[in-house]
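Asks: Sequence:
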Amino acid sequence: MAVPFPFSAIVGQDEMKLAILAVATDPGIGGVLVFGDRGTGKSTAVRALAALLPPIDVVANCPYGCDPSGSGRLCEACAARPAGKKPASRRVPVPVVDLPLGATEDRIVGALDLEKALSHGIKAFEPGLLARANRGFLYIDEVNLLEDHLVDLLIDVAASGENLVEREGLSVRHPARFVLVGSGNPEEGELRPQLLDRFGLSLEVATPRELADRVEVVKRRDAYEHDPEGFAAQWQKQDEKIRRQLLRARKLLPEIKIPDAVRERAARLCQTLGTDGLRGDLTLIRAARALAALEGVRTVAPDHLRRMAAPALRHRLRRNPLDDAGSTVRVDRAVAEEFAP
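Whatever position you read off the sequence shown (first residue = 1), add 368 for my numbering.
Simulated from the structure, these hints should not be mistaken for lab results. Some hints here could point you the wrong way.
DSSO-like cross-link-like pairs, simulated, lysine-lysine; straight-line CA separation at most 27 Å [claimed, not checked]:
id : residue 1 : residue 2
1  : K385      : K609
2  : K619      : K454
3  : K625      : K605
4  : K609      : K619
5  : K619      : K385
6  : K625      : K385
7  : K587      : K609
8  : K605      : K587
9  : K385      : K605
10 : K587      : K385
11 : K619      : K605
Quick list of the computed label-pair ranges, beta carbon to beta carbon [stated by the list, open to error]:
id : residue 1 : residue 2 : range
12 : G396      : D628      : 35 to 43 Å
13 : D466      : R616      : 24 to 32 Å
14 : K605      : R535      : 44 to 52 Å
15 : P627      : D524      : 28 to 36 Å
16 : G396      : V460      : 17 to 25 Å
17 : R616      : L532      : 33 to 41 Å
Each residue gets a CB set at the ideal place from its N, CA and C atoms; glycine is no exception.
Modelling step: build the complete structure from the supplied sequences, incorporating the hints.
Replies: Right, here's the structure in full:
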């Protein structure tokens, strides 16, 4: 198995790294959409973060990787096991599943197992990519080029944490709780606003502009490709520090308090920007709470809102014909007014 690039060795891209850590802390934020140039570390960051997480226990021979402790959503077979009887389990890395651009709906959601149907006359379900991604990450490169109905399907499943398949005489329901990460180049096509709004956080990444950063990126990548194990060992302590930070944040998250004044500021900011619905308000609060957890703070402060405003809101803005400024500029402007000293 290839050694992933260390998360702590990624140069720059601070907003992207923080957003991915926030979603890993609280998957309820709703996934991450990363738009930007090719070769800016989008997929590298996702795989590096997954490698940071400790291995998970799964029920042996369960195609959906259900939790043997019985917590969370379970497939029908695991839910039907006798109470008090602990199933056999095994430990596996947190799954990171790539969804190819040309994947069919059957491959994504699962379908009838044709081999068993033809050779044994048995109607059996062959799990798809959503089953493999359960309790992990589903990564979609060039998400803006994926067919709309497939993106709709993926986002609905990511929101519900469950995949329901009813076709060819089969009716199967199984857990599919994963962090959805999409990436793409905006020059190659845009996502519909309705789909943009369903992603929790949206990021804009760019090729490093500073010469020193470009040189450092190339230097580290070259060292990694020459000796992956040795390079990973050099960054092991830094990665371990981030791992401990993330695990502490997950434990602390339920205890974090959100003052009414902070909620009011979040609502006022969304109102000023004219975001539709309340999904922006909810996402901003959740992202700010995750950031507080990552910093080990038990109360969300206005500064947490300020730092998470752009990722949580930039993709939810209506186009204003009287303002040709980009969405990030508009959010930054509103934040500056709302949080002015």
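Asks: Give a verdict on every hint.
Replies: Structure-based check of each hint:
{"no.": "1", "hint": "K385 x K609", "verdict": "15 Å, holds"}
{"no.": "2", "hint": "K619 x K454", "verdict": "24 Å, holds"}
{"no.": "3", "hint": "K625 x K605", "verdict": "31 Å, violated"}
{"no.": "4", "hint": "K609 x K619", "verdict": "16 Å, holds"}
{"no.": "5", "hint": "K619 x K385", "verdict": "20 Å, holds"}
{"no.": "6", "hint": "K625 x K385", "verdict": "24 Å, holds"}
{"no.": "7", "hint": "K587 x K609", "verdict": "23 Å, holds"}
{"no.": "8", "hint": "K605 x K587", "verdict": "20 Å, holds"}
{"no.": "9", "hint": "K385 x K605", "verdict": "18 Å, holds"}
{"no.": "10", "hint": "K587 x K385", "verdict": "20 Å, holds"}
{"no.": "11", "hint": "K619 x K605", "verdict": "21 Å, holds"}
{"no.": "12", "hint": "G396 x D628: 35 to 43 Å", "verdict": "21 Å, violated"}
{"no.": "13", "hint": "D466 x R616: 24 to 32 Å", "verdict": "30 Å, holds"}
{"no.": "14", "hint": "K605 x R535: 44 to 52 Å", "verdict": "50 Å, holds"}
{"no.": "15", "hint": "P627 x D524: 28 to 36 Å", "verdict": "33 Å, holds"}
{"no.": "16", "hint": "G396 x V460: 17 to 25 Å", "verdict": "23 Å, holds"}
{"no.": "17", "hint": "R616 x L532: 33 to 41 Å", "verdict": "35 Å, holds"}
When each numbered hint is compared with the structure, violations occur for hints 3, 12.
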